[in-house]
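Quick note, the sequences are listed as chains V and R, same order. When we follow the numbering used here, the leftmost residue of the first sequence carries the number 3, and every step to the right adds one. When we follow the numbering used here, the leftmost residue of the second sequence carries the number 3, and every step to the right adds one.
Heads up, a few of these hints could be off.
Intra- or inter-copy, both count: the list cannot distinguish identical chains.
With a Cα cut of at most 25 Å, we get these calculated SDA-like pairs of lysine to any residue [what the hints assert, rightly or not]: (1) 55 to 374; (2) 259 to 306; (3) 337 to 247; (4) 337 to 243; (5) 337 to 326; (6) 259 to 304; (7) 219 to 263.
It is worth saying that the hints were derived from the structure and are not from the lab.
The lines below spell out each chain.
2 protein chains.
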Amino acid sequence: MKQTVAAVHTLQESLPGPRAVLNDGEPIRLESGAMLGPVTIAYQTWGELNADKSNVVLICHALTGDQYVIGSHPVTGKSGWWELMVGPGKPIDTDRYFVICPNCLGGCMGTTGPAAVDPETGELYGLSFPVITIRDMVEVQRMLLDELGIGRIMCVIGGSMGAMQVLAWAAFHGDRIDSAVSIAGAARHSAQNIAFHEVGRQAIMADPDWCGGFYYKQGKRPEAGLSVARMAAHITYLSEPALWSKFGRSLQDRASKSYGFDADFQVESYLRYQGASFVDRFDANAYLYITRAMDYFDLEVEFDRDLARAYHETDVRFLLVSFTSDWLFPTSESKEVVRALNRAAANVSFVEIESERGHDAFLLDEPELFEIVDGFLGSVARHRPRDGEQ
Amino acid sequence: MKQTVAAVHTLQESLPGPRAVLNDGEPIRLESGAMLGPVTIAYQTWGELNADKSNVVLICHALTGDQYVIGSHPVTGKSGWWELMVGPGKPIDTDRYFVICPNCLGGCMGTTGPAAVDPETGELYGLSFPVITIRDMVEVQRMLLDELGIGRIMCVIGGSMGAMQVLAWAAFHGDRIDSAVSIAGAARHSAQNIAFHEVGRQAIMADPDWCGGFYYKQGKRPEAGLSVARMAAHITYLSEPALWSKFGRSLQDRASKSYGFDADFQVESYLRYQGASFVDRFDANAYLYITRAMDYFDLEVEFDRDLARAYHETDVRFLLVSFTSDWLFPTSESKEVVRALNRAAANVSFVEIESERGHDAFLLDEPELFEIVDGFLGSVARHRPRDGEQ
Numbered sequence: 003m004k005q006t007v008a009a010v011h012t013l014q015e016s017l018p019g020p021r022a023v024l025n026d027g028e029p030i031r032l033e034s035g036a037m038l039g040p041v042t043i044a045y046q047t048w049g050e051l052n053a054d055k056s057n058v059v060l061i062c063h064a065l066t067g068d069q070y071v072i073g074s075h076p077v078t079g080k081s082g083w084w085e086l087m088v089g090p091g092k093p094i095d096t097d098r099y100f101v102i103c104p105n106c107l108g109g110c111m112g113t114t115g116p117a118a119v120d121p122e123t124g125e126l127y128g129l130s131f132p133v134i135t136i137r138d139m140v141e142v143q144r145m146l147l148d149e150l151g152i153g154r155i156m157c158v159i160g161g162s163m164g165a166m167q168v169l170a171w172a173a174f175h176g177d178r179i180d181s182a183v184s185i186a187g188a189a190r191h192s193a194q195n196i197a198f199h200e201v202g203r204q205a206i207m208a209d210p211d212w213c214g215g216f217y218y219k220q221g222k223r224p225e226a227g228l229s230v231a232r233m234a235a236h237i238t239y240l241s242e243p244a245l246w247s248k249f250g251r252s253l254q255d256r257a258s259k260s261y262g263f264d265a266d267f268q269v270e271s272y273l274r275y276q277g278a279s280f281v282d283r284f285d286a287n288a289y290l291y292i293t294r295a296m297d298y299f300d301l302e303v304e305f306d307r308d309l310a311r312a313y314h315e316t317d318v319r320f321l322l323v324s325f326t327s328d329w330l331f332p333t334s335e336s337k338e339v340v341r342a343l344n345r346a347a348a349n350v351s352f353v354e355i356e357s358e359r360g361h362d363a364f365l366l367d368e369p370e371l372f373e374i375v376d377g378f379l380g381s382v383a384r385h386r387p388r389d390g391e392q
Numbered sequence: 003m004k005q006t007v008a009a010v011h012t013l014q015e016s017l018p019g020p021r022a023v024l025n026d027g028e029p030i031r032l033e034s035g036a037m038l039g040p041v042t043i044a045y046q047t048w049g050e051l052n053a054d055k056s057n058v059v060l061i062c063h064a065l066t067g068d069q070y071v072i073g074s075h076p077v078t079g080k081s082g083w084w085e086l087m088v089g090p091g092k093p094i095d096t097d098r099y100f101v102i103c104p105n106c107l108g109g110c111m112g113t114t115g116p117a118a119v120d121p122e123t124g125e126l127y128g129l130s131f132p133v134i135t136i137r138d139m140v141e142v143q144r145m146l147l148d149e150l151g152i153g154r155i156m157c158v159i160g161g162s163m164g165a166m167q168v169l170a171w172a173a174f175h176g177d178r179i180d181s182a183v184s185i186a187g188a189a190r191h192s193a194q195n196i197a198f199h200e201v202g203r204q205a206i207m208a209d210p211d212w213c214g215g216f217y218y219k220q221g222k223r224p225e226a227g228l229s230v231a232r233m234a235a236h237i238t239y240l241s242e243p244a245l246w247s248k249f250g251r252s253l254q255d256r257a258s259k260s261y262g263f264d265a266d267f268q269v270e271s272y273l274r275y276q277g278a279s280f281v282d283r284f285d286a287n288a289y290l291y292i293t294r295a296m297d298y299f300d301l302e303v304e305f306d307r308d309l310a311r312a313y314h315e316t317d318v319r320f321l322l323v324s325f326t327s328d329w330l331f332p333t334s335e336s337k338e339v340v341r342a343l344n345r346a347a348a349n350v351s352f353v354e355i356e357s358e359r360g361h362d363a364f365l366l367d368e369p370e371l372f373e374i375v376d377g378f379l380g381s382v383a384r385h386r387p388r389d390g391e392q
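Please work from the sequences and hints to get the whole structure.
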C-alpha cells in the first residue's frame with residue numbers, strides 16, 4: 003500500500019470523531035523544551051456530562067491503542083479495544099459517567115504526531131517531529147479538558163502506557179482528579195522493556211523503506227520493519243503459559259513439518275498475522291516516538307529519586323491492579339508504586355489478579371478486573387467531593 | 003563488508019583446525035529425507051586420547067557458538083566461549099580428558115552449512131541448503147567419531163542447543179556414551195522460544211540484502227536484519243534482574259536524555275553493540291537453519307509422546323543443570339526431562355543453580371556449575387566401564 007503525503011494526511015483528517023486545536027493554535031512547550039504547534043487532539047466521548055461536571059472518566063490508551071475504545075474501529079472495522087470494560091452497564095458505565103478518551107500526542111489517529119503536517123514546511127513531520135514524553139501526553143490531555151470546560155476528573159484510568167499516564171496525572175495534577183486507576187503499569191520503564199523497544203525501533207529503522215524517517219514523501223512505508231517490531235512486542239504481551247496453552251507446538255494447517263521456513267507452527271503463523279495486520283493501522287514513526295516516550299518515563303527521577311514525593315499530601319484515591327503472569331509490567335513494579343503511595347500516606351488499594359494471560363490480560367475478559375473497577379468507580383462516585391466541600 | 007562467493011568460501015576454508023569429510027564424501031541422508039553431501043565437519047580437540055580411548059569428552063556448542071571453545075577465536079580474536087570450563091585443571095580437564103568440539107552441521111565455521119559450496123551448482127548453497135535437525139547434527143558428530151576411530155564417549159556435554167544435542171545423543175546413541183550433561187536445556191523448544199526465533203528469522207528475511215537467501219552471489223549480507231535478530235535473542239539470554247543490575251536506567255555517556263533516537267540508555271548501546279559485532283562472525287542463513295533445527299526439536303514426539311521411552315533401559319549417567327533466572331530454558335523444562343528419566347529408572351542427578359544471570363549463566367563464572375561438572379566427570383571417569391566389562 004503506497005501512501006503519499008496527501009493520502010496519509012487525508013486518512014488522519016477523515017477519521018470520525020471530534021478534535022480540538024489546543025492553545026488557540028499556538029505552539030506549546032514540550033518537556034524537552036521544544037515548541038510544537040498547532041497541536042490537534044482527536045478524541046471520543048460516551049455518556050453525558052452531568053450538571054456539576056463531576057462524572058468525568060478519562061481513559062488513557064496504551065502504546066498501540068487509540069480513542070476508539072468501543073464500537074467499530076474506523077480503520078480496521080474490528081470492535082474497540084475495551085468493549086468489555088466500557089459501555090452501558092459495564093464497569094466504566096456510560097449510562098452514569100461521561101467518558102472521554104483522546105488519541106495520545108504522537109499518535110496516528112488524528113492527534114498531532116509524526117504523520118501530521120509540519121506548518122513550517124507544509125510536509126508531514128516525519129523524523130523532524132520532536133521527541134515527546136508521557137508528561138507531554140498528560141499536558142495535552144489537560145489542555146483538552148480545559149478546552150472542554152472540564153475542571154475535575156472523577157477518575158483517570160488506563161493500562162500499560164495508559165497506566166503511566168495515570169500515574170503522571172496523579173503526580174502532576176493530583177488536585178484535578180478524584181481517583182486514579184493504574185492497571186498493569188509502572189512508574190518507570192524497566193531496562194528489559196527499554197531493550198525490547200529498542201529492538202523494535204532498530205527493526206523499523208533498518209527497513210530501507212523507512213527512508214531515514216521521511217518515508218511519507220517517498221510514497222513508502224517500512225512495513226517489514228514495523229511488522230517485525232510488532233511481532234517482538236507481541237511476545238512480551240503474552241505469557242509463556244498463555245502461548246503454550248494457546249499454541250503449544252501445534253503445526254499450522256499441516257500434518258507434519260515442512261522442513262522449510264514457512265510458518266510451520268501455529269505460533270509463527272499467529273505472530274506473522276499480528277505483524278502484518280498491525281502495519282495497516284499504525285504509523286511506524288508514531289511507534290518510534292511513543293515507545294521512546296515510554297522508555298523515558300521515570301517518575302522517581304523527576305521527584306528527587308523518591309516516588310513518595312510525587313504523591314505528597316495527595317487526596318487522590320488510587321487503585322493499582324497487576325496480573326500474576328505479566329512479565330512486561332510485573333506485579334513488582336505496581337508494588338513499588340504502592341509502597342511509595344503508602345509512604346506518602348495516600349489512599350491506595352492494590353490487587354494482584356491471578357491470570358495466565360500475561361500483560362494483555364488488561365484487555366481481555368478478566369471478571370475480577372471488571373468487578374474491582376466497577377466497585378472502585380462506584381465508591382469514588384458516591385464519595386466524590388461536592389462543590390464547595392473542599 | 004562485501005563478500006563474494008569466493009570470499010565466503012575462502013574464509014571458511016582458511017579457518018584453523020582439522021576437518022573431516024564424512025561418509026567418504028558420499029551424500030548422507032538427513033532426517034527430512036533429503037540427501038546432503040559431501041559433508042565436511044570442522045572441529046577442535048584438546049588433550050590426549052588415552053590408550054583405551056575411554057577419556058573422550060564431546061562438547062556440543064550452542065546456537066551461535068562454535069568449535070573454538072578455548073583460545074583466541076580466529077575471526078573475532080576474543081577468547082573462547084567456555085574458557086572457564088575447559089582447559090588444564092578446569093572441570094573439563096584437558097590434562098585428563100581428550101576433548102573434542104565440532105562445529106555443528108549448518109554452522110559457518112568450516113562445517114558444511116548454507117555458506118558452503120553446493121557441488122551441483124558450484125555456488126554457495128544459500129537457501130537451497132536442506133533444512134537440518136538437532137538429530138542430523140548428532141548423526142554427523144557420530145560419523146566424525148567413527149572417522150576418528152572413537153567408539154565410546156565418556157561424556158557428551160553442552161548448554162542450550164548443546165544440551166538438546168546431549169539429550170538426543172543419549173536417546174539415539176545411548177549405547178555409545180557413558181554420561182550426558184545437559185545444562186540449561188530442554189527436550190523440546192517451547193512456543194515462546196519458537197516465537198522469538200521466528201522474530202529473528204523474519205528480521206533477517208525482511209532485509210532486502212538477504213536477497214531471498216542468495217545474498218552471497220550478490221555480494222551482499224543482511225547485516226541489519228541479522229543484527230536485529232541478535233538483539234532480540236540477546237534479551238532472552240539475560241534475566242530482567244541481570245539487565246537491571248547491569249544497566250538499570252543509566253544513560254550512556256551523557257548527563258541527560260537527548261530527546262532523540264540515539265542510544266541514550268546503556269542497555270540500548272549494549273544491545274546495538276551485540277547486534278553489530280555478531281554480524282562480523284556469523285552467517286545470516288546459518289542463523290536461519292540452526293534456529294529452525296532448534297524449533298523442530300521435540301524428543302517426546304519422536305518417542306510416541308512419552309519421553310521416558312527415549313531412555314528406556316539406558317545405562318547412561320545423566321546430569322541436568324538449570325539456573326533459577328533462566329526464562330528461555332527454565333528449570334521446569336529440565337525437570338520434565340528429569341521426571342522422564344526417573345520414569346525410565348535412569349541414573350540422574352539434577353541441580354538448579356541459584357543465579358541472577360539468566361540463560362547466559364551457563365557461559366559465565368558460576369562456581370557451583372564448575373564444581374558440579376568437575377565432580378560428575380571425575381566420578382564418571384572412576385566408574386566408567388572397562389573394556390569387556392559390558
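Going through the hints against the structure:
In the homo-oligomer, the alpha carbons of residue 55 and residue 374 lie at most 25 Å apart inside one protomer (24 Å), although the nearest pairing across protomers, at 69 Å, exceeds that limit. Taking the shortest Cα distances, residue 259 and residue 306 sit within 25 Å of each other only across copies (16 Å), while inside one copy they are farther apart (56 Å). For a Cα distance limit of 25 Å, the shortest separation of residue 337 from residue 247 across copies, 19 Å, qualifies, whereas the shortest one inside one copy, 28 Å, does not. Within a single copy, residue 337 and residue 243 get their C-alpha atoms as close as 23 Å, and across copies as close as 16 Å, so both meet the 25 Å cut-off.
Taking CA atoms no more than 25 Å apart as the test, residue 337 paired with residue 326 passes in both settings, with 12 Å inside one copy and 22 Å between copies. Only between protomers do residue 259 and residue 304 lie at most 25 Å apart by alpha-carbon distance; the minimum there is 13 Å, versus 53 Å within a single protomer. Taking the shortest Cα distances, residue 219 and residue 263 sit within 25 Å of each other only across copies (21 Å), while inside one copy they are farther apart (34 Å).
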